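Full structure from sequences and hints, please.
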Amino acid sequence: MDTAFFLVTSLVKVLIVLGFVLLGVPLIVWMERKVLGHMQDRIGPQRVGPYGLLQTIADGIKLFFKEDVIPAQADRVVFFIAPALSVITAFAALSVVPFGDTVRVLGRDVPLYVADVNVAILWVLGTTSMGVYGIVLGGWASNSKYPLLGGLRSSAQMISYELAQGISLVSVILMAGTLSLTAIVKQQEHLWYIVPQFFAFAIYLTCGIAETNRAPFDLPEAETELVAGFHTEFSSMKFALYFLAEYANMMVVSAIAISVFLGGWRGPFLPPVVWFLIKLTLFLFFYIWLRATFPRLRYDQLMSFGWKVLLPASLLNLTVTALVVALGQG
Amino acid sequence: MIEAFLFAMFGAGAIAFALGMVFRRNPVHCALHLVGVLLSVSGMFVLLNAQFIAAIQILVYAGAIMVLFLFVVMLLNVRGETPLLTPGAAKGFGFFFALIGFVELLWVVLSRGGDEAVPERLPALPSGFGSPAEIGRVLYSTWLFPFEVTSILLLIAVVGAVVLAKRKFF
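Note that the protein sequences, when read in sequence, are chains X and L.
The numbers in this note's numbering rise by one with no breaks, and the one at position 265 of the first sequence is 265.
The numbers in this note's numbering rise by one with no breaks, and the one at position 126 of the second sequence is 1126.
These aren't lab readings, by the way, just hints derived from the structure by calculation.
None of the values given here were measured: they were computed from a predicted structure.
Where hints are given, some of them may not hold.
Within a straight-line C-alpha distance of at most 30 angstroms, the following computed DSBU-like cross-link-like pairs (lysine-lysine) qualify [claimed, not checked]:
(1) X:Lys-308 / L:Lys-1166
(2) X:Lys-186 / X:Lys-145
(3) X:Lys-62 / X:Lys-145
(4) L:Lys-1166 / X:Lys-145
(5) X:Lys-66 / X:Lys-186
(6) X:Lys-13 / X:Lys-186
Printed below as a string of structure tokens:
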């Protein structure tokens, strides 16, 4: 009976998270176009549905029915796997994010996360590092110049920024003494980790934006030099999958930032899930705001910023945190 | 029951991927099969109650090292390279090393002579087994010397790579 209950609730939670991402991504794209529009003194989409809300749905349906072009010299199998890999890794990372407090269903406690892995943070870092494959393989399998260059750029960028990102999370892990996201959220009842670990938060967020290949770090798809980067040759649903993965990855980075630094689902008055959604929306707004504000970095600037500024800064932050934690215990 | 099924799945996966890695012609496909092997092994680590090592396996080997491998393979375009050995010599070497491996395995199996029967019930795992804290404690106490030696070895490799990269020989 308990096993059956666990299976059913788990399945429902998986469906909720999956549906949330699949429905959330069109909404984020709509928000992006609308916000960008207003920031640039335009009105953005407004024709399809109220306030243009159905615009991205219409775009999605259009992509679905488009012809799926595969380049003649492409590596067909890898060309097929690459976009799927991008999406799978993004979804896998979301499975460990706690999005609410425990709720009671039929007299039983149901925790609101898909899986409480005791090494959740490592799991997230691992899946995001697997996400590099989707991009680098997509670039390679197209067997074409610009995608290959875009894929290489993007994977070099992701590998470089992953380091600083991981190290900035380690300093919080040192303070928390656990790798489990649910436990970290539980510990932030009185003080969010953004207060003692503001530097780690800033480094994490910068790296997160670079990880997701978003402006101002969107060099992999710099139109003026690389056409569309790694996904130049992808059309129809394969392109849509890359698109979905990019936005799902934005959600992952935001959700981890919320859980690790901003108290997760905690907040006064409103129900936990609502707080989680509010914080998530703010983060995604921040992403769009950045895109409207900053010009793209040059490639060498990007690399030297990652290796010569962010990495040493995160290491310094880690050293100081380790000293403080050690002195506090001793 | 579920555990046995999962073990069979990961085990079969690891073997299939390993075979694919050896037999595929395209080096990029080989590298991808190796990633498959690493992921399957990481699944087995989870079954062995070693989640931390499983996560590290994905993060470090499948995620970081194999991406670099793939990078190098893609950039070098190995397909155009002339092979180091003639096919006959390669087969000879392969057979020789396989024979050594086989004899070694045989020797290990025979020298044990089946005196270690598999216990009916395995002893319970010590508390905290496989947890990051326990691994850290063991690593920095019992295995401190090998750990430090490994770090020196890696340092030598890094310095060596820098020296080789600096030397302009082409």
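Cross-check of the supplied hints:
1. X:Lys-308 / L:Lys-1166: Measuring from Cα to Cα gives roughly 20 angstroms; hence the hint holds.
2. X:Lys-186 / X:Lys-145: 49 angstroms, violated
3. X:Lys-62 / X:Lys-145: 27 angstroms, holds
4. L:Lys-1166 / X:Lys-145: 28 angstroms, holds
5. X:Lys-66 / X:Lys-186: 47 angstroms, violated
6. X:Lys-13 / X:Lys-186: With Cα atoms ~20 angstroms apart, Lys-13 of chain X and Lys-186 of chain X stay inside 30 angstroms; holds.
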